[in-house]
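Asker: So the sequences go chain by chain: A and B. Position one of the first sequence corresponds to residue 1 (the numbering used here), numbered consecutively onward. Position one of the second sequence corresponds to residue 289 (the numbering used here), numbered consecutively onward.
By construction, these hints were calculated from the structure, which means they are not laboratory data. Note that CB positions come from ideal geometry on N, CA and C, so glycine has one too. Be careful, since some hints might not be right.
[As the list claims (entries may be wrong)] Interface residues of chain B toward chain A, partial, derived using beta-carbon atoms under 8 angstroms:
#1 Ala-307
#2 Val-311
#3 Val-312
#4 Ala-322
#5 Trp-348
#6 Ala-379
#7 Val-383
#8 Tyr-395
#9 Leu-425
#10 Gly-517
#11 Ala-573
#12 Phe-576
#13 Val-581
[What the hints assert, rightly or not] Coverage of chain A stretches by chain B, computed from C-beta distances (three or more under 8 angstroms per stretch; other residues unrestricted):
#14 29-35
#15 44-50
#16 65-75
#17 228-237
#18 267-275
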Amino acid sequence: MNHASARVRRARTVEMLARAVTGAAAFGVLGVVAFILGYILYRGAGSIDWEFLTAPPRMFMTQGGIWPAIYGTLLLTFWTAVFAIPVGIMAGIYLAEYAPKGAFTRVIRLAIANMAGVPSIVYGLFGLALFVLTVGFGRSVIAGALTLACLTLPVIITATEEALLQVPQDLRQASLALGATRLRTVLRIVIPAAAPGIVTGSILGLSRAAGETAPILVTAVAFYSPVPRTVFDETMALPYHLYIMATQAVKPAPDVVWGTALVLVAGVSIINVVAAAWRTRQRRRIRW
Amino acid sequence: MTDASFPRRRTGRPAFRRAAESVVTRAIAFSGIAAIVILAAITVFLGMNALRAVGDVGLWSMITGTDWFPTSKEPSYGFLPAIVGSLWVTAVALVVSVPVGVAAAIYISEFASRRTKEVAKSVIEFMAAVPSVVLGLMGLAVLVPSIRVLMRLDTGLTAFAAGIMVGVMALPTIISISEDAMHAVPADLRTGSLALGNTRWQTVHKVVLPAASSGVFAAVMLGVGRAIGETMVVLMLAGNSGIVPNTPLVSVRTMPGTIAGEMAEVVQGGEHYSVLFAMALVLFAMTFIINLVADVVLENQRKRWRR
Numbered sequence: 001m002n003h004a005s006a007r008v009r010r011a012r013t014v015e016m017l018a019r020a021v022t023g024a025a026a027f028g029v030l031g032v033v034a035f036i037l038g039y040i041l042y043r044g045a046g047s048i049d050w051e052f053l054t055a056p057p058r059m060f061m062t063q064g065g066i067w068p069a070i071y072g073t074l075l076l077t078f079w080t081a082v083f084a085i086p087v088g089i090m091a092g093i094y095l096a097e098y099a100p101k102g103a104f105t106r107v108i109r110l111a112i113a114n115m116a117g118v119p120s121i122v123y124g125l126f127g128l129a130l131f132v133l134t135v136g137f138g139r140s141v142i143a144g145a146l147t148l149a150c151l152t153l154p155v156i157i158t159a160t161e162e163a164l165l166q167v168p169q170d171l172r173q174a175s176l177a178l179g180a181t182r183l184r185t186v187l188r189i190v191i192p193a194a195a196p197g198i199v200t201g202s203i204l205g206l207s208r209a210a211g212e213t214a215p216i217l218v219t220a221v222a223f224y225s226p227v228p229r230t231v232f233d234e235t236m237a238l239p240y241h242l243y244i245m246a247t248q249a250v251k252p253a254p255d256v257v258w259g260t261a262l263v264l265v266a267g268v269s270i271i272n273v274v275a276a277a278w279r280t281r282q283r284r285r286i287r288w
Numbered sequence: 289m290t291d292a293s294f295p296r297r298r299t300g301r302p303a304f305r306r307a308a309e310s311v312v313t314r315a316i317a318f319s320g321i322a323a324i325v326i327l328a329a330i331t332v333f334l335g336m337n338a339l340r341a342v343g344d345v346g347l348w349s350m351i352t353g354t355d356w357f358p359t360s361k362e363p364s365y366g367f368l369p370a371i372v373g374s375l376w377v378t379a380v381a382l383v384v385s386v387p388v389g390v391a392a393a394i395y396i397s398e399f400a401s402r403r404t405k406e407v408a409k410s411v412i413e414f415m416a417a418v419p420s421v422v423l424g425l426m427g428l429a430v431l432v433p434s435i436r437v438l439m440r441l442d443t444g445l446t447a448f449a450a451g452i453m454v455g456v457m458a459l460p461t462i463i464s465i466s467e468d469a470m471h472a473v474p475a476d477l478r479t480g481s482l483a484l485g486n487t488r489w490q491t492v493h494k495v496v497l498p499a500a501s502s503g504v505f506a507a508v509m510l511g512v513g514r515a516i517g518e519t520m521v522v523l524m525l526a527g528n529s530g531i532v533p534n535t536p537l538v539s540v541r542t543m544p545g546t547i548a549g550e551m552a553e554v555v556q557g558g559e560h561y562s563v564l565f566a567m568a569l570v571l572f573a574m575t576f577i578i579n580l581v582a583d584v585v586l587e588n589q590r591k592r593w594r595r
């Protein structure tokens, strides 16, 4: 064992060092995530009670609950799903099943990848110009949801395409050989087989949209409003409520701030964990 | 036997079903180009609203102007404070996120056990879903006060504080894209290197990283795009002062922060309003180019290792 030359010993030391440094980076990142979650849980847990979740704010937001903000975020996310999911899934189907290999398809792919990197405030201004002013929805749930739908679209498209591409070619060929048309093959054979991936991808995309502040800042939200009656009303929303509570000059009770943060983070976390766990299970169940 | 002895039989599928199929197929093809339509619409609508600013102030004098006093009696709309501020924030973010992100990607792709890899990947996927406003709040509560005390500054609301938090936001992008790039390097190359007696690290350093370098570069570019465009964190943490900063340890104004912070207060259709659209257009152009470069690099890398 002691015959190892100096070079080999040096290589061993460097190897150990490299493992330690890269490992520290990886676990450091996981640690940051854990710290953020833990800190918010620690500061926010005390303020969560039934009233906080179900009552409207009182006393200039220092007391009462955040129900209108919770409801507003749920409503925005629901309508975002309504607009983004059909188009996103169809676009994914187009790319995976119909698109010819060529320059045009390449441009489409570049456009989708690029959409994913457009800053959220740019989507906000786009939504303001198009949906709020030109179409004339005004600041409203529907204008905000359409804006968020644009932002979520690339996530859903990519998830759908990836899920479809994982379905083996044999299934398609078998279906076509039995005389099914291309569309029928896609709808009856390919989509059901790819459903877990499509559903999780869409849910993850929507959970991100639910946490976005900048796009709804100029298209949908109000500092205080009652629960919206129709989709053409403005609304409160959790991320915006949190932003205002955290930055406004007159400090509100910190309980409200951290309670709101906890509700938002917990909502996003639960959705993410459930969706990811479900996807893992489905992947184990279906093996091609 | 004549033709007439055969009753006319309907062959194939009923007409309505064929019609329905063609409608659905067309909808699918149309959705396919949705991304292009939306990107074009973004350009058109930002451009239309920016027209007045370009006419009144001039695009070049906005981009090169060093003063941002939009509400004074004789307003000046110089983008430089915001552009330079955004660059400082981005620089700090990169210093934080590139070494950590690439190192973490190396560990996850090359050293971690399968179990650790799965867990780490899902945590990082989850990290990308943490709302930016929550990270802004964490920055306000934890980072800003510590920076003020540790660095003996008047305020902790600086490009430095914003940059660290933006770096955290860029981490999931950098880690997952560079991990993908390393994962795509064929296993043969690795086993070949190991068989020649190289250690794992030597393999990473001499084989995997060079082979994955363009993917890692693309990951960094996408991280830059994220960092420049990140809005809520900089709006909450950067401090939004009006000067052209020459150090990250002062309050800075950023492009996304300026747009988001002032859009709610301006007169719709006014000059200031239009100037903010022009700034959004500049920001959009910058991220568009950055993303385009990254996408092209990634696509080429993908082609290289396909089979």
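Asker: Work down the list of hints and note, for each, if the structure agrees.
Answerer: Taking the hints in turn, this is what the structure says about them:
1. Ala-307: violated (12 angstroms)
2. Val-311: violated (10 angstroms)
3. Val-312: holds (6 angstroms)
4. Ala-322: Holds. Min distance 5 angstroms.
5. Trp-348: violated (21 angstroms)
6. Ala-379: At about 18 angstroms, which exceeds the 8 angstroms cut-off, the nearest Cβ of chain A leaves the hint on Ala-379 of chain B violated.
7. Val-383: violated (14 angstroms)
8. Tyr-395: holds (4 angstroms)
9. Leu-425: holds (5 angstroms)
10. Gly-517: Constraint on Gly-517 of chain B satisfied, holds at 3 angstroms.
11. Ala-573: With Cβ-Cβ at 10 angstroms, over 8 angstroms, it is violated.
12. Phe-576: holds (6 angstroms)
13. Val-581: Check failed: Cβ of Val-581 of chain B comes no nearer than 11 angstroms to chain A, outside 8 angstroms.
14. 29-35: With 4 residues close enough to chain B, the hint holds.
15. 44-50: violated (count 0)
16. 65-75: violated (count 0)
17. 228-237: violated (count 0)
18. 267-275: Since three or more residues must qualify, the claim that chain B covers the region 267-275 of chain A holds, with 4 doing so at under 8 angstroms.
Consistency with the previously given hints fails for numbers 1, 2, 5, 6, 7, 11, 13, 15, 16 and 17, ordered from lowest to highest.
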